[in-house]
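In order, the protein sequences belong to chains A and B.
Mapping to numbering that gives the first Met the number 0: the first sequence position 282 is 281, numbers consecutive.
Mapping to numbering that gives the first Met the number 0: the second sequence position 267 is 266, numbers consecutive.
There is no bait here: all hints are sound.
A few chain B residues facing chain A, derived, Cβ under 7 angstroms:
{"hint": "1", "residue": "ALA128"}
{"hint": "2", "residue": "TYR135"}
{"hint": "3", "residue": "GLY257"}
Keep in mind that the hints were calculated from the coordinates and are not lab data.
Virtual Cβ for every residue (Gly too), placed ideally from N, Cα, C.
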Amino acid sequence: MFQVILFNVTNGLIIGAFYVLMALGLSLILNLSNVINFAHGNFLALGGYLAFMLVPTMGYWGALLIAPVLTALIGVVVERLMLRRVYGRDPVYSLLLTFGLAFVMQDAARWYWGPNPLQIDMPDVLKTPLTADLFFITWYRIFMVAIVIATVTGLFAFLRHTRVGLRIRAGTLDLDTVAALGVNVKLLRTFNFAVGCLLAGLSGVLATGQLGLNPNMGDDLLMPSFIAIIVGGVGSLTGTLFGGLLIGVAAAITAAIFPAASEVVIFVIMLLVMLVRPRGLLGEEGVMS
Amino acid sequence: MTATVLAAGQRPAQKRWLSLVAIWLALLTAPLWLPLLGGYTALAGKVLVFGLAAMGFNLLLGFTGVLSFGHAAYFGLGAYGAGLTLRYLVHSTPLAMLVGTLLGGLAGTLFGLLIVRRRGVYFAMSTIAFGQIFYYIAYSWNDFTGGFDGLRGFHREPIGFGALTLDISGGTWFYYFTLAVFAVAVALMALLIASPFGRTLRAIRENERRARFLGIPVERHIWLSFSISCFFTALAGTLYALLNNFADPLALHYSLSGYFVIMAVMGGMRTFWGPLLGATVFVVLQDKISSLTVNWMSFVGLTFILVVLFFPRGLLGMLKRRGVA
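Start from the sequences and build out the full structure, keeping to the hints where you can.
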């Protein structure tokens with residue numbers, strides 16, 4: 000029994016870690032640019048596919064490093080060519096734009112890499128389990144969680160202690176004032192979008208070992224990421240972090256007890272939070288409106 | 000921009016009558032001329048159904064200025080409500096439509112209470128997430144809803160008017176039945192928009208803060224507008240289930256919500272008939288493209304991007320603007 004619970008909690012934390020990486024990127028873009036990036040799941044898949052192409056030449060570790068960066072660069076191109084034109088306009092336009100972009104990216108991935116799941120060859124050390132008893136805790140999973148922790152810590156340190164990070168946080172609160180103080184807001188938004196895509200790309204590379212690599216692998220992560228943001232509180236990255244972990248674990252535990260409800264339970268959590276605490280667990284008053 | 004839109008709304012009465020007659024004449028004769036252009040009657044029915052859904056949705060987006068990205072939920076609830084009623088409860092088309100419309104409309108009304116204080120992109124995000132609940136329920140509750148394969152095992156029943164019975168199982172008859180429902184719904188919407196309530200909604204759209212200073216209970220109006228638009232969209236959903244004798248989880252999926260948004264925007268969200276035009280273009284294009292290529296998703300996605308970047312006013316919006324200039 001203990002093993003079953005541990006198994007599900009571990010699963011939940013792993014899935015939750017994906018939600019967190021994905022939702023943090025979404026949250027960054029949402030906070031600064033007021034854009035819901037529907038294509039975020041497709042940037043995630045893109046990261047996975049880029050890694051798939053890079054592994055034969057530079058190995059797993061190289062791909063893990065380079066694929067997210069390439070994803071971020073593609074994000075920069077997308078932001079410069081398209082997204083930039085809808086900033087400050089009615090939100091309907093940014094939503095439609097990223098929604099259309101998601102369709103195009105998914106179809107392009109299916110066309111180029113095919114609809115069937117692909118596999119990335121991982122180093123042997125990552126495939127071995129920790130002990131025979133706890134067969135489900137492989138080094139890959141530990142490694143993955145470690146990377147996510149390191150990334151999240153790095154992101155928070157970056158936002159807190161660097162000048163650019165400070166500007167991003169200030170822009171979240173009042174972009175006009177930040178612009179008036181002489182900060183190049185255009186560049187800031189591009190950079191911020193790139194960071195979001197970097198996180199998506201990184202979770203894409205990591206997710207291939209867990210979820211498999213297919214054109215719509217990001218779809219199942221998108222909705223939970225929205226919910227992680229709502230539950231945690233819009234405007235608060237710490238909230239997003241806890242929101243992602245919370246719904247990941249809740250979904251996994253429900254999956255053990257009552258599998259049919261595992262997808263619905265995160266929505267129930269969302270509704271409860273919206274009822275009891277409309278601004279989200281750690282959200283600030285007034286940010287939502 | 001506001002001034003031009005308002006000025007464009009005040010076209011000469013004569014011209015307005017002319018376009019109204021043209022629209023209704025085209026809709027009434029569609030089963031006659033559509034086959035000549037390579038279409039079929041069920042396609043026209045689909046246009047009406049999605050047109051009604053998009054026009055109902057546009058009460059909120061175009062006339063109140065509030066963006067919901069989850070209207071597929073209410074559309075799908077309407078479809079499932081009608082289908083489940085016909086299959087499990089009672090063999091009556093009007094009752095099925097009533098149950099479906101109430102189900103979708105009331106779900107929207109209740110949910111509206113939770114989100115009415117949110118604005119802009121946060122309102123949209125909450126509606127997306129909420130809408131997906133029903134998708135997952137329909138998807139996971141296999142025994143009751145048919146799961147991923149959708150709900151089958153029901154069909155449209157003849158409607159009795161006292162001694163008279165109307166058999167709507169045939170395609171053409173059902174088209175005219177849909178058109179009649181559509182006409183009543185659209186007349187209601189037109190009355191609503193012309194009423195003081197409708198004018199208040201537009202005042203909120205143009206300047207929420209000023210509306211609030213005038214003593215208008217903004218939240219209550221947005222909530223009412225959201226609920227009403229959910230009822231109309233759910234009504235369209237019931238017609239959708241009857242049209243196909245089938246309801247599937249994709250009728251609940253947020254992609255469909257996106258389609259409603261693009262229909263409204265592509266046709267012209269600040270115009271009354273724009274969403275119908277947008278629905279026509281979208282449904283016909285999707286029908287043609289998906290029969291030509293497997294990569295229809297790219298075409299749909301590109302349509303979204305092109306409309307946003309180059310035709311943000313939509314087709315009717317551009318026409319009207321040209322008429323003024």
